[in-house]
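S.K.: Assemble chains Y and D onto chain C, guided by the hints.
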Amino acid sequence: MAHTKTTRGNFFEDFRCGQVLRHGTPRTVSVGDQALYTALTGARFALHSSAVFARALGLSDAPLDDLLVFHMVFGKTVPDVSRNAVANLGYGTCVFGAPVFAGDTLSALSTVIGLRENSSAKTGVVHVRTEGVNQRGETVLNYIRWVMVNKRDPGAPAPDPVVPQVPDSVAAGELVVPAGLDLSAYDTSAAGAPHLWDDYAPGERIDHMDAMTIEEAEHQMATRLYQNTAQVHFDLLAAKDGRFGRRIVYGGHIISLARALSFNGLANAFRIAAINAGRHVAPSFAGDTIHAWSEVLDKIPLPGRADVGALRVRTIATKDRPCADFPLTDAQGKAHPAVVLDLDYTVLMPRRRDDPARGSPNAVRI
Amino acid sequence: MAHTKTTRGNFFEDFRCGQVLRHGTPRTVSVGDQALYTALTGARFALHSSAVFARALGLSDAPLDDLLVFHMVFGKTVPDVSRNAVANLGYGTCVFGAPVFAGDTLSALSTVIGLRENSSAKTGVVHVRTEGVNQRGETVLNYIRWVMVNKRDPGAPAPDPVVPQVPDSVAAGELVVPAGLDLSAYDTSAAGAPHLWDDYAPGERIDHMDAMTIEEAEHQMATRLYQNTAQVHFDLLAAKDGRFGRRIVYGGHIISLARALSFNGLANAFRIAAINAGRHVAPSFAGDTIHAWSEVLDKIPLPGRADVGALRVRTIATKDRPCADFPLTDAQGKAHPAVVLDLDYTVLMPRRRDDPARGSPNAVRI
Amino acid sequence: MAHTKTTRGNFFEDFRCGQVLRHGTPRTVSVGDQALYTALTGARFALHSSAVFARALGLSDAPLDDLLVFHMVFGKTVPDVSRNAVANLGYGTCVFGAPVFAGDTLSALSTVIGLRENSSAKTGVVHVRTEGVNQRGETVLNYIRWVMVNKRDPGAPAPDPVVPQVPDSVAAGELVVPAGLDLSAYDTSAAGAPHLWDDYAPGERIDHMDAMTIEEAEHQMATRLYQNTAQVHFDLLAAKDGRFGRRIVYGGHIISLARALSFNGLANAFRIAAINAGRHVAPSFAGDTIHAWSEVLDKIPLPGRADVGALRVRTIATKDRPCADFPLTDAQGKAHPAVVLDLDYTVLMPRRRDDPARGSPNAVRI
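Residue numbers (the working numbering), protein chains in the order written: chain C, 2 to 367; chain Y, 2 to 367; chain D, 2 to 367.
Calculated from the structure, these hints are not laboratory results. In this text, a Cβ means the ideal position worked out from N, Cα and C, and glycines have one as well. There is no bait here: all hints are sound.
Coverage of chain D stretches by chain Y, computed from C-beta distances (three or more under 8 Å per stretch; other residues unrestricted):
1. 34-43
2. 191-205
3. 212-221
4. 265-279
So that you can see chain C by itself, here it is in the shape it has in the complex (with noise of 0.2 Å):
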């Protein structure tokens, strides 16, 4: 009667396409979360920091951290989509819905919109659409995922292939500015920094400077708390005999560090709005000390807003090498050694008032 009661997750042909898949492990996020979330990775943007900051721009509190609302609903995914995952291969179209407060309940439900055997026969590729709702039911992320899977049986047939076309970018039309927000008042000396929108210009890159060494500790218990379950993050006995020899940092802890990173440049990128592409270029163990570096990428203007406008970012995370000069790639073209994190993502910025480009404040409030 072994076994029976533990589940080992889905294999490649355990998944259909059009099959949904509803995660356990609803959650009530809380200051406490919050609080955790600042102290493992060093986060200070004074939106998610600030309460008083929140309602001077119309929210009636201060909101999670964008990253920490999607590492709660991608934690939920782990043991229905990627327990078997070889690979986590990519992710995009990735937007950021509705603010989440403390003591809203998150939940997720997956969708496989493509299934594609590899030629091994050992494994393949699932695609899921992901969707994190709230307790009213309103959408506060949405994602696709793609990840390599083991199969169970080698020999169990291959589906139809289906690969979904996955957007290169969020559309600007597609990115949410929270209801209510009015940037009318943003206070950028209580933010950090005088930088905001206008002062930013496509192709300028920044060193972010700061840099951060990572201990076991701290990513196991980033990871338990998004209540991740991936062994890979845990079980220092299995990793021994592993390809790494030890336990890989989840690479949304690496994520996170890069934006609180980011600070020191980006200090009035005060929600991520979406997240276009991201690529986990190596993995991160304990001992790692990631220092990030970023290029603007574009400019977006925002329908109706004169008060807010959008940035398109790459950040580029290293490990144990400054970003003074930009590291991305090596004299031959492929990554360079030391790059772990190549995210593409869309950030707000407060617009400067006095920008002709602007127009009257009156009419900035939709």
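M.R.: Only chains Y and D this time, still in chain C's reference frame:
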């Protein structure tokens, strides 16, 4: 004048049968404590994770994890009971009472119910009954514990030996189903697994498969969160000269890890109703990877309840040893060298609605 | 265009006497912060642990730990004041004002009150007075700090030297007893020890006996919780080439550990009213085991209060060295090599009800 204000704690000859110890440091528990508990242990039972889930079952909010409550109450007793303990010999007949919610304030008191000096005259065994109460005076926890405590003065006279009889389990009639709990809306999909009380059978063994490696910072943070001051968990300098040469992990942290790991196989065991008996078979240390397996000892219908039943479960935790073959004893019948915890406890689990033995749904509310 | 958005912080020549620095990152403090503070330091003073205890003394809720407030305010000043600091030279006349409760939002501003270039012309000493305020504009903390800061350009002209006089202690009349505080219901049993103000005498020395070993993850999490961005605590890669070859523990973490250890001997020192002077005698590192001892410097009756008095206390923390013999100086009168902290501060403590000097209970409320 040195030392007069410093508490060295009670020695064996300081205890008297019938003595009541009112422990210090009342604690208002919070969502911050629950977030840390999740981050430190990987807990993910839906009842404690989601206020929406809890409210659908008739509770006012998500209660704190049962073991978090246990550790908070236990921690308060350490300065008075076990500061000078040589060994935690066991505990039993632990009943979980009123659920504990964020904002409740817990305090604890213990009554000495047994004393017996050891033949060496250097130590003795102290038995206490400890009660944890909330701010309304309701019992949240009640258990017996016995510890071996040093004498201050080996020449102090031995007390008349008193050794209480400890029942080997908590009787079904003593188990507390939280007031207002109604499982008719229990959502197995949100809880993360389909298996209910009806699906388990005595003798069934479950390998929980997952594993968790312990870091020093993690067990120290957990133990401090519980305001447990036992120095063996924190003082490396002293530990270097001790029996193990390093800090010992608080045994309760192992119980919490085993409980969290048991989710994979016992996801619907939504509440610990009792700990019948517990034994820390061997110490654990940072770097150990904990695995767990369980055996169903008994199925206990609850009087007047068709919606919920109790399972008596024995969970064995090991270190650096997977549990696929259910390690328990070696060839000589002694404890398997990898076993660190042997816990006999009783959980509540929803009963299947179409269980013919369950009776009419209208009859189950009491 | 690189670097233009990145803050390198202020160098010595960027400061002007009278200059006001309004620091970024306002922070709404929460029960999550308090839970982490407990888990990271072992704090267990009853006033901060229990809302029931706090309400019995006339407060609306359990205030956050005084040092948690100190670290939160201090952390905000780092990007503007001490990012380019060579050394923290000292701080003094630190007064704790309005108690801080979960939900309060803290912000900080500093005024430059002194500047003196060093003879090397490479560095200078900056004196600032920092004030922490809550969302109602009430002062929660006010202190002076002086740091040695690098010059950007050694050729920059030296300012006229200004060195403020710093009193060696906070006067009794400046100490703040929280509004509404009434100690007539103070419960020593809940607080964990019987010793009150009346029981201490100037010159009395107390070995706090307990010890705490520091882990990298712990001091990093604490320092990030305070949004303190000083890179020496986080960047192992840079530290490897530095003076110590490893990350330095934030000095404030040592203060918090010493305060938590001091519970054993000063359990009823329910509030820090002032820090008269503080000096980090030597740096601490992960792996160090911290001990502490205290000397009562003075007993200070508070005008118009028979229920509460102040004790001026000097607490010495050591690393890897128990304090049974009160280590302070070596044979040559220099600081004992194990000493890491020398803190002179003032605590509030209840006075004994039957103290003849206390007067009529009816007279004590003001």
